[in-house]
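Protein chains in written order, with the numbering used here: chain V, 1 to 384; chain P, 385 to 614.
Just so you know, the hints here were simulated from the structure itself, not pulled from any lab data.
Note that beta-carbon positions come from the ideal geometry of N, C-alpha and C, so glycine has one too.
Careful: at least some of the hints might be erroneous.
Partial chain V-side listing against chain P, Cβ under 8 Å, derived [as the list claims (entries may be wrong)]: (1) M1; (2) V292; (3) I296; (4) G297.
Here are the computed distance ranges between Cβ atoms for each label pair [unchecked claim]: (5) V27/V x P484/P: 27 to 37 Å; (6) Q301/V x K403/P: 30 to 40 Å; (7) V27/V x V451/P: 51 to 61 Å; (8) D561/P x V355/V: 53 to 63 Å; (9) K526/P x V27/V: 27 to 37 Å; (10) V451/P x R8/V: 39 to 49 Å.
Letter by letter, the chains look like this.
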Amino acid sequence: MTLIDLVRKNLFRKRLRTILTLVAIFVAFVIFGVLATFQNAINAGVEVAGADRLITVNRINFTLPMPLAYATRVAAVPGVARVAHAEWFGGYFQEPRNFLVAFAVDPKNYLDIYPEYIVPPAQREAFLRDKTSILVGKSVAEQFGWKAGDRLPLKSNIYTQKNGSDTWDFTIAGIVAGNEARVDTSFVMFHYQYLADTRSFGDGTTGWMILKTTDAKENARVMREVDALFANSAFETETKTEQAFNKAFAEQLGDLGFIVTMIVGAAFATILLIVGNTMMLTVRERTNEIAVMKTIGFTTQRIFGLVLGESMLLALIGGLLGIAFAWLISFAMAGPLSRFGPIAFSWDTAATAFVLMAVLGLLTGLIPAIRAMNTDIVTALGRK
Amino acid sequence: MSAPLILLKGVTKSYTRGKQTVPIFERLDMTIPTQDFVAIMGPSGSGKTTLLNLLGGIDKPSGGEIVFDGKRMDNLDESRLAGFRAGNVGFIFQFYNLMPMLTASQNVELPLLLTKLGPKARGDRVKTALEIVGLSDRARHKPSELSGGQQQRVAIARAIVSDPKLLLCDEPTGDLDRETAGEILSMLQTLNRDLGKTIVMVTHDPEAARFAKRTLHLDKGHFSEKDLAA
Ligand SMILES: Nc1ncnc2c1ncn2[C@@H]1O[C@H](COP(=O)(O)OP(=O)(O)OP(=O)(O)O)[C@@H](O)[C@H]1O
Ligand SMILES: [Mg+2]
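Chain V with its partners taken away, still in its complex shape (with noise of 0.2 Å):
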């Protein structure tokens, strides 16, 4: 026997409480897995943002048009490496309920602006030549079985053919890969001018352009620049950096970090005190015992590092477990929730538990322990 298993053994007495207690701490670091990978997902676009990519929108809103000839003034500013152009397409497949992040793109300067898109050669290739052919995001290709050559005929929310039909035919040209992990690759990507040719509406108009700057440090510049062009015109601009951009769309999902803290703040207030409490009791119903261990010659550190460690432990065991379970969930997730963004639970996620855990059991722990540690044999055997 050693003092670890003097405290596993102390842990496990009450046998129904302590599992019971468990289950509370395991509910709280589940919620708190979750919750967090899924705001990975979702901050992702955030963290992978190039550092020399602008996002030119409408001022008024990015959801607004401007003109396509703002691409070609664009491109002669100072600074300004590369630009290209996208537009939302409001696609689906089939029925609304199969939503698609679906743009319509300048394909060669977009590609070109986004290195951590990966497309084999060939399927590039393939994509660049065929006005009616499309990219599919490897997310969105693995969540509905599509492949390479596969026709795929897509409505759009927004859009109808100038002919009257609400369906655009493609031909998948190929599948677009992340270079790493966390890139989003729920989207999928077409011609624009397959669109401009056929739609109803929205003549020489574009939703928003992206620019690649020479350096990082010419950003400021470039953005005041280009925005100074169109200033006072119908279509006045507002350029941001990607990450900034990106930011700023997240949070369209409302304020997700403050919603994640409420609710994880929420679980954590609710096992502080569980877990608080049952270590008090368990102190308390121990009085008798652990001014006989003082009696025997346990210094009142040894005492106060039992108690804590005890608190530990299970915060230690349920918070492990939880994390586990939300590990295993997240797999679960990937799919279903992949158009939000890359669901991977992160070690980030799993360090920050950690932290938790250790906090639970510190402050769980500390004021029985001290109230262990106080306990006065004298008193406490004069009891009998």
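Please build the complex by placing chain P with the ligands on the supplied structure of chain V, with the hints as guidance.
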């Protein structure tokens, strides 16, 4: 008799209860020679438990000196006192006070967790202690699976496992029937005679006191005359 193991010199002890100060002892002197086996008797509330607490370094006197094995111990700080208790004193209580979640051998091992002994050495010591109290066959039993007498024997094993010089027993047979009490008392006698343990035992039972080498009567904070002569 040999050199004194414990000396009490003018020990005063009082408790403050609210605004009142309740004196228990005033200038109490006492000498306990090495290998003594002394029984302490006296009415309830006379301070028997308080005396054991002072001897065992659980409580501190309000005044006077307590010398153990030639060294003053009444002025030691909390952690030194804990060390003193671990190294020098074995405690035996009326209600055994074993840890319910530990087996007999684990209960006996408990004080050894405070020593530098390795698992092997601890195991040997535990085995020996359980052999001495005749409970080797119950090593894996939990206290709830043992009779009162057996539990008290486990408690004795726990008290002697780190080989202390002094055993302090507060009514060790108070909760046992006469026959079992006799076994426990003979065991204490053996520990005193064969292993040289100095024993101070509080008891209400004159029969129990007869197992000791001598008996002191405590009343109103003093030992009564006849004992001082003994
Ligand atoms: N922690 C304490 N605070 C205040 N008074 C105390 C405390 N402990 C003991 N006393 C008082 O000191 C006196 C002696 O108590 P003690 O427990 O030593 O008596 P005792 O001789 O062991 O009695 P018993 O035979 O009933 O066990 C009693 O009057 C008791 O009320
Ligand atoms: Mg008493």
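Quiz item: Holds or violated: G297/V as interface residue toward chain P, Cβ cutoff 8 Å?
Solution: Nearest chain P Cβ about 3 Å off; hint holds.
Self-check item: Status of the given 30 to 40 Å range, CB of K403/P versus CB of Q301/V
Solution: Holds, at about 34 Å.
Quiz item: Taking the beta carbons of K526/P and V27/V, is their distance inside 27 to 37 Å?
Solution: Distance hint for K526/P, V27/V holds at roughly 33 Å.
Quiz item: Taking the least C-beta to C-beta distance, is M1/V closer than 8 Å to chain P?
Solution: holds, 5 Å
Quiz item: V27/V and P484/P, beta-carbon distance inside 27 to 37 Å?
Solution: holds, 30 Å
Quiz item: V451/P and R8/V, beta-carbon distance inside 39 to 49 Å?
Solution: At 41 Å between Cβs, range holds.
Practice problem: Under 8 Å, Cβ to Cβ, is where I296/V needs to be relative to chain P, so tell me if that hint holds or is violated. | Solution: With a closest approach of 5 Å, the I296/V hint holds.
Quiz item: Is the gap between the beta carbons of V27/V and V451/P within 51 to 61 Å?
Solution: holds, 59 Å
Practice problem: Starting from the hint 53 to 63 Å, judge whether the C-beta atoms of D561/P and V355/V obey it. | Solution: holds, 57 Å
Quiz prompt | Satisfaction of the V292/V interface hint, Cβ to chain P closer than 8 Å | solution = holds, 5 Å
Checked against the numbered hints given earlier, this structure breaks none of them.
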